[in-house]
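Undergrad: Sequence:
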Amino acid sequence: ESGPTAGNTTVTLVGRGFQNLASIECRFGTGQRVKATYISATELLCTSTDSQGAVGSMRAFASMGGLFSGNEDALFTYYSQPSIFSFWEPAWYVNQTRTISITGCGFSKTAAPLCRF
Numbered sequence: 001e002s003g004p005t006a007g008n009t010t011v012t013l014v015g016r017g018f019q020n021l022a023s024i025e026c027r028f029g030t031g032q033r034v035k036a037t038y039i040s041a042t043e044l045l046c047t048s049t050d051s052q053g054a055v056g057s058m059r060a061f062a063s064m065g066g067l068f069s070g071n072e073d074a075l076f077t078y079y080s081q082p083s084i085f086s087f088w089e090p091a092w093y094v095n096q097t098r099t100i101s102i103t104g105c106g107f108s109k110t111a112a113p114l115c116r117f
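Quick note on my numbering: the sequence shown kicks off at 1 and runs consecutively.
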């Protein structure tokens, strides 16, 4: 799963042996602990924390009673929110499709771009 560096993304952690305890928590990378919501013995819901500007993949951990554990495959990827400065719509068409030009920062080189109007 992935979300912006500002956090506040609902994340599902899948594992085994989870218990419905008051002290169940999650942590992303070395970030702060957050309370987890117990769904079942194999599933928790957590809210990602602010990454303090760090981008990239971090391990997601679960804790019951203060001891954090996590699988190397349990990754959460933080990304920068893109910012759009301007867009321009040329008067011509390319292959019967109208194109636009967008200027900004924080665009991902790996994610497929998606525009909604």
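Be aware that a few hints might be false.
Here are the simulated lysine to aspartate or glutamate pairs, EDC-like style, with alpha carbons at most 20 Å apart [said to hold, decoys possible]:
#1 Lys35 x Glu25
#2 Lys109 x Glu25
#3 Lys35 x Asp50
#4 Lys35 x Glu89
Hints listed in this document are in silico derivations from the structure and should not be mistaken for laboratory results.
Undergrad: Run the structure past the numbered hints and jot down the numbers of the failing ones, going up.
TA: 2 and 4
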